[in-house]
Every structure is written in structure tokens, then in C-alpha cells.
Amino acid sequence: MKISEFTEAELESRLRCGALLLNLGPFVARLNSDVVSIARDIALMYADFHTSPENTFADFHVKVALDTGLRRWAKPQVRFYFDGRPSFIPLPADQAFAMLEWGLNWCVAAHSHQYLIIHAAVIEREGKAAILPAPPGSGKSTLCAGLVNRGWRLLSDELALLDMDSDLIYGMCRPVNLKNVSVDVIKQFAPAAVFTASVPDTTKGTIALMRPPVDSVQRMNQPACPAWVVLPKYTAGASPQLERHSRARTFMLIAEQSFNYDIQGSRGFDAVGRLIDQSQCFQLTYSRLDDAERVFDDLLAGRIE
Amino acid sequence: MDSSTRRWYPASASVSQYRDWGDDDLIVVYHKSSGDTHLLEPLAAVILEMVESAPCTSAMLATELHDVFQDDDQKVALEVIETTLIQLRGVGLVYNTPN
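Chains P and F, in that order, give the protein sequences. Residue numbers for the first sequence follow this note's numbering, beginning at 1 and rising by one. Residue numbers for the second sequence follow this note's numbering, beginning at 1001 and rising by one.
None of these hints come from the bench; they were simulated from the model. Glycine residues also receive a C-beta, built at the ideal position from the N, C-alpha and C atoms. Be aware that one or more of the hints could be misleading.
As the list claims (entries may be wrong) - Restraint ranges, calculated between C-beta atoms of paired labels, are given here:
#1 F/Gly-1090 - P/Glu-54: 20 to 26 angstroms
#2 P/Gly-205 - F/Ser-1003: 51 to 57 angstroms
#3 F/Thr-1063 - P/Leu-168: 45 to 51 angstroms
#4 F/Ser-1033 - P/Ala-19: 53 to 59 angstroms
#5 F/Pro-1055 - P/Asp-290: 29 to 35 angstroms
#6 P/Arg-274 - F/Ser-1012: 42 to 48 angstroms
#7 F/Asp-1023 - P/Asp-290: 27 to 33 angstroms
#8 P/Ser-166 - F/Thr-1063: 45 to 51 angstroms
#9 P/Asp-215 - F/Leu-1043: 22 to 28 angstroms
#10 P/Gly-205 - F/Glu-1049: 46 to 52 angstroms
#11 F/Ser-1034 - P/Asp-215: 29 to 35 angstroms
As the list claims (entries may be wrong) - Over the 10 angstroms line for every Cβ pair with chain P, so calculated as not near, a few chain F residues:
#12 Ala-1013
#13 Asp-1024
#14 Ile-1027
#15 Pro-1098
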């Protein structure tokens, strides 16, 4: 059953008793929450996602709950629980859905060591995946959000899951987390895109989440073969410039941006080595999404060797 | 005692793994016993590989690497090799016995 087939009251009810099992590609998350706005945001952002029956095995049992006590009536806060244990400092209640998203990212990054997990966006077209690893502020999520509204498939805006046996990349196709001016940039670039309400004053500034394209959601279980590693670098006013990037340096960046490279040992070293072997590595400086789109079209068409 | 005669040893018995794509002068090295990954220049990687194959002195390395340093005199070659060995020691890949 898809999320869109539930009424909001049914979603609320299932969330309250921890009976909403959300299929996230390689994982199933059991969600529990007494926060009404979370049901609304799940309905909006995960409309095209399938759920699993209540008795299905779930990889992650998570809960976002309002703190109890008098504070509930003044400045309500929410807390994230993993396997019943509080896992982070509480946040203001209006950040409940963002907390769920960040908490799910943490669940995957901290526990899914069957994959090499890279902090990167991944998009795919014609079976070829572009991995966009980058530190915060590089424009990775903005670029990813722009391109998935122009024909590229979203695998992830945050976590690339490299299967070290098949060398294929898996994603979860979850909502894209956009910050500050990027929200308006994507709203202008893709007017049909669906967003949550913007939430100000988070640790990342003002944030909003963008619903993943329906085609990407329908294909979320299909992995993709890495073809490019592109390091995005947003520079205001810059003309688009795609430059070859040292493969050895790209290796080190992938290792640094991996959440679990250190614990994979030589298996991780070999896997990143093969990833670099089969990928062209570039740095992309850009300021306009239209320019970046053309660069990616050129890459796909083989006009850039 | 002349520093060129002190003997250098690999930090572990296991041999490091190397990755080189030839698109620049950098080599990625995985040091199995520590689990650390390093980015090395080719000379450092060659010296590490030689020390890992058999403990040696910088003088022995200078002889082996004669082709690399053919335009330099022996003193310069020894300085470069010893500086490189000290850098490799700094990141825990080799160690040496005292003079």
C-alpha cells in the first residue's frame, strides 16, 4: 500500500502506534510519532512510497516524539529515538520532520556497514551514475535537486550506498534537503516541484525538503553503475567550468567523505579503488543550474572525454 | 655515526597496497596494519615499497635509486631520501634504529 492511499487520519493513527513501515529501497523503517505535522509531511513527501505490512522485519525502529512535561505547553520540543533510546538533543517541534529525516540518515550511516557509505548525492541517467561527493556548502544538494527535475533519476541527495560485491550504487530516493537560498533557487528552476513548508532557525539555517520525482521513487530498488565522480563547487557569478580532477585526490576525498571507510579495511580500499577505476573524475565550478545541466548533458552524450 | 648507515624498517610485516592512475604524480597507499590510507608522491611510494621488501639504509636506497638521482650528487640524493624516510616515519609507515 502506498502512502498516498492512506488518509491523513490513518497515517496519524499508524504513526501513533508505531505501525507505519516505510520502504526506503534497501531498508524498511518502522516509524512512530505523536507529532501531527509529521503525518502531514510524510503524506506530502513520501506520497509515492510503498509501505510494508506491520509484521514485516524493519531495519530501523525510529520515533520522533514530543517531550513531555510543562515545556510541552510553552516551547514544545521533539526528541528522536532509535530502538527506544533517545539519540540526539531535542529540537523545536517545528523541526520534527527534518529531525526524522536527519535521524534516518544517521540510522543508515551509523549501522549499514554492508555498504560503503559515502556522503554524496547520486543521480543516474541511461544506467550511468554520477556521484557528487562534497562537503557542506558546495552546492551538492542544490545541483542534485536541479538535475533530478530535468530528467536525471534521484538515488540520494545525501548518502551513496556502494555495494562492495557488485560495485553498484544504491540509493533511497528520499526527500532532498535544501537550505537557505537554495530553496528559492529550486522553486524558480522547477516550479512544479513540491516542498514542505520552510523551517527557519535550524542548525543548518532555513531548510525545506523537496519531494523526490515519482519516476525516481518507482525505480528506487534499481542500483546504478558509477560512471562519473563530479565534485561540485558553487561559485557566485562563475562561468561553468568542468576540469579533470586527479583520481588519487578523488580517491582520498571519497574516503574522507565516507562514514565507514575506516571500518571496512582493505575491502573498502579495494572498493573505492574500483569505483575510481571505472569513473571519470571532474571538478565542476558553476553558478547557474542551466549551465550545470548542459555540462551533465554533455557528459552523458560523451561530448566530454 | 653517519646517518646514512642507520637501518630503516617497515612499521609492520604486512605489505602496503598501492593504487596509481597515472593522471598525476600521486599514489594512494593502504597500510594494512594501521588501516590508514595515505597519498604519497612516487618517490615516497617507491622508498616505502623498497623498505617493505627488505630493511635498508638510506645509502643502500641511494644506490638502488641511482637512476632517479643521476643528475644530482650523492649528498643531495641522500638528503632527499632521508627527508622522505623521516616523513614516512612521521606517518607511521617506517621506523629506524638509532645511530
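Against the structure, the hints come out as follows:
1. F/Gly-1090 - P/Glu-54: 20 to 26 angstroms: violated (57 angstroms)
2. P/Gly-205 - F/Ser-1003: 51 to 57 angstroms: holds (55 angstroms)
3. F/Thr-1063 - P/Leu-168: 45 to 51 angstroms: holds (48 angstroms)
4. F/Ser-1033 - P/Ala-19: 53 to 59 angstroms: At 49 angstroms between Cβs, range violated.
5. F/Pro-1055 - P/Asp-290: 29 to 35 angstroms: violated (60 angstroms)
6. P/Arg-274 - F/Ser-1012: 42 to 48 angstroms: violated (24 angstroms)
7. F/Asp-1023 - P/Asp-290: 27 to 33 angstroms: Distance hint for F/Asp-1023, P/Asp-290 holds at roughly 30 angstroms.
8. P/Ser-166 - F/Thr-1063: 45 to 51 angstroms: holds (47 angstroms)
9. P/Asp-215 - F/Leu-1043: 22 to 28 angstroms: For F/Leu-1043 against P/Asp-215, whose Cβ atoms are near 51 angstroms apart, the range 22 to 28 angstroms is violated.
10. P/Gly-205 - F/Glu-1049: 46 to 52 angstroms: holds (48 angstroms)
11. F/Ser-1034 - P/Asp-215: 29 to 35 angstroms: Taking Cβ atoms as reference, F/Ser-1034 and P/Asp-215 lie about 45 angstroms apart, which means the hint is violated.
12. Ala-1013: holds (15 angstroms)
13. Asp-1024: violated (4 angstroms)
14. Ile-1027: The assertion about F/Ile-1027 is violated, with a minimum of 6 angstroms to chain P.
15. Pro-1098: With a cut-off of 10 angstroms, F/Pro-1098 remains clear of chain P, as the shortest Cβ separation is near 33 angstroms.
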